[in-house]
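Enquirer: Sequence:
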Amino acid sequence: MEPFSCDTFVALPPATVANRIIFGKNSDRLCDEVQEVVYFPAAVHDNLGEHLKCTYIEIDQVPETYAVVLSRPAWLWGAEMGANEHGVCIGNEAVWGREEVCDEEALLGMDLVRGSS
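In this note's numbering, the protein residues as written are 72 to 188.
Check the hints yourself; a few may be wrong.
[To be verified] The list that follows gives simulated cross-link-like pairs (lysine to any residue, SDA-like), each with its CA atoms no further than 25 Å apart:
| id | residue 1 | residue 2 |
| --- | --- | --- |
| 1 | Lys-124 | Pro-134 |
| 2 | Lys-124 | Trp-146 |
| 3 | Lys-96 | Glu-121 |
| 4 | Lys-124 | Val-172 |
| 5 | Lys-124 | Gln-106 |
| 6 | Lys-96 | Cys-77 |
| 7 | Lys-96 | Pro-134 |
[To be verified] Derived CB-CB ranges, DEER-like:
| id | residue 1 | residue 2 | range |
| --- | --- | --- | --- |
| 8 | Arg-100 | Glu-121 | 16 to 22 Å |
| 9 | Pro-112 | Arg-169 | 18 to 24 Å |
| 10 | Ile-93 | Ile-128 | 32 to 38 Å |
| 11 | Tyr-110 | Pro-84 | 40 to 46 Å |
| 12 | Ala-114 | Arg-169 | 20 to 26 Å |
| 13 | Val-172 | Pro-84 | 23 to 29 Å |
| 14 | Ile-93 | Gln-132 | 41 to 47 Å |
Please keep in mind that the hints were generated in silico from the structure rather than gathered at the bench.
Beta carbons are placed, not taken as given, at the ideal position from N, Cα and C, and that holds for glycine.
Go ahead and model the full structure; you've got the sequences and the hints to work with.
Expert: Right, here's the structure in full:
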């Protein structure tokens, strides 16, 4: 049986020790798919008009990016979950809708996770 769900949680003070914030997420990827934890340092991008290659398409590069730790499938530009240097955490969730699937290449939800981290 293939996996089909994700769970993400956060625990906030006062429910945590020492006023910590705890973020967690399981992945619904296949058990034999390589999942890596990667770090990207903060960067300033001075080249106006520079593009960023995502999983399937390119988008405009922003002038500044924050340091981030991501967990992602090795083949993918995006991420299942991540946290940046400012404490912003985000996780990808699989959802099913009623709209038809678009056949055009576009940003994946996991690309949005990486871009938001």
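Enquirer: Checked against the structure, which of the hints given earlier come out wrong?
Expert: 3, 7, 8, 9, 11, 12, 13, 14
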